[in-house]
Amino acid sequence: MLESKKLVPKKNHHFVWRRYLENWQVDNKLAYFATKKHIAATETALGVAKQDFFYKLEHIENYEDLYIKIILKFISDSNYEINLHYYNSFKAALKQSDSVNNWKINLLENYHSKIEGKMLKVLPQLSNGDFNILENSDYFKDFMNFLGHQATRTKDLKDSSFSKLNLWPRFSLNENFRDEKDIDILLSVFRKHWWFFSFVFGQNYALNLLTNCNIDIHIPLINSSDISFITSDSPVVSLKSITGNGKDLYFPISPKFGYVILRDINTKFFNELCTTEDVKLFNSLIVQNSHQTYFADSESSINEYKKLFMKTH
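Numbering (this note's numbering), first residue to last: 1 to 313.
Among the hints, a few may not be true.
[Said to hold, decoys possible] Subject to a maximum C-alpha distance of 27 Å in a straight line, what follows is the list of computed BS3-like cross-link-like pairs (lysine-lysine): (1) Lys158 <-> Lys247; (2) Lys95 <-> Lys69; (3) Lys306 <-> Lys280.
None of these hints come from the bench; they were simulated from the model.
Since this is a predicted model, take the numbers as computed values, not measurements.
I would like the entire structure built from these sequences, with the hints used as guidance.
Written out as structure tokens, the structure is:
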């Protein structure tokens with residue numbers, strides 16, 4: 001699974017799947033909010049939600065191995081052995097003797113491409129409102145895996161995680177670490193190897209969705225209004241501000257269809273058929289939880305939420 005193709009280095013790493021964003025393209029362009037100019041603009045899906053070498057792997061120093069495993073245990077819960085297996089696979093790949101730099105640049109990007117590749121049949125069906133495809137257990141698993149990784153692979157999560165490092169419970173990471181210097185090294189290792197920990201967060205999230213799929217409430221959303229769903233550079237969002245449960249999530253699939261997962265049967269229930277009021281509520285949630293921009297199928301939709309974006313960012 002972690003085999004790497006011997007290709008030229010992939011520079012443009014998208015942290016939101018390009019094929020997904022194409023659902024909002026009209027005449028090969030989607031609308032987005034240009035943050036620096038504070039205006040609506042248009043661009044191809046290929047040109048947005050990306051950063052050069054965003055998923056590049058970093059060399060693992062010998063001394064860092066212990067710290068990585070400590071953090072891994074801290075964030076893995078019951079998935080530690082599975083995630084340790086992935087860590088050892090990545091580490092072995094980094095030791096490849098030929099084209100090492102290409103390994104570092106392409107390996108994780110290739111992995112995300114494989115996750116996306118399994119969605120190539122699923123996404124078009126969901127985008128057109130055919131949710132019956134999820135009755136196939138393999139396709140359902142692919143969708144949950146995609147959601148888990150899409151939620152955690154973004155620049156938004158990376159930036160917010162780094163900004164909150166000082167809030168980590170400094171002495172609960174490992175009972176053997178009481179020296180502030182060790183804790184500082186631990187946090188430094190977390191920053192350096194975010195490429196791996198973001199992957200672990202995605203694995204944890206996806207596995208949790210799959211493990212709880214029989215008790216969670218899955219609701220396909222159909223937009224029956226005249227306005228479109230919008231999306232953003234952080235498209236999998238928590239419904240906590242609406243339901244009170246931070247684990248409830250919403251994902252806009254296309255301008256006309258979306259998906260909600262409720263983790264508690266007592267949570268506020270959503271109707272499958274969305275009214276104008278419902279769509280505006282979901283769109284506002286997307287804008288509030290976006291990182292640097294949001295996307296729509298028209299510039300007028302971008303302008304509709306400009307004030308909200310400016311107020312919340």
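Comparing the hints with the structure gives:
1. Lys158 <-> Lys247: Holds, at roughly 19 Å.
2. Lys95 <-> Lys69: Given that 27 Å is the threshold and the Cα spacing comes to 18 Å, the pair holds.
3. Lys306 <-> Lys280: Holds. Lys306 to Lys280 sits at ~13 Å (cutoff 27 Å).
This entry satisfies every hint, going by the numbered hints stated previously.
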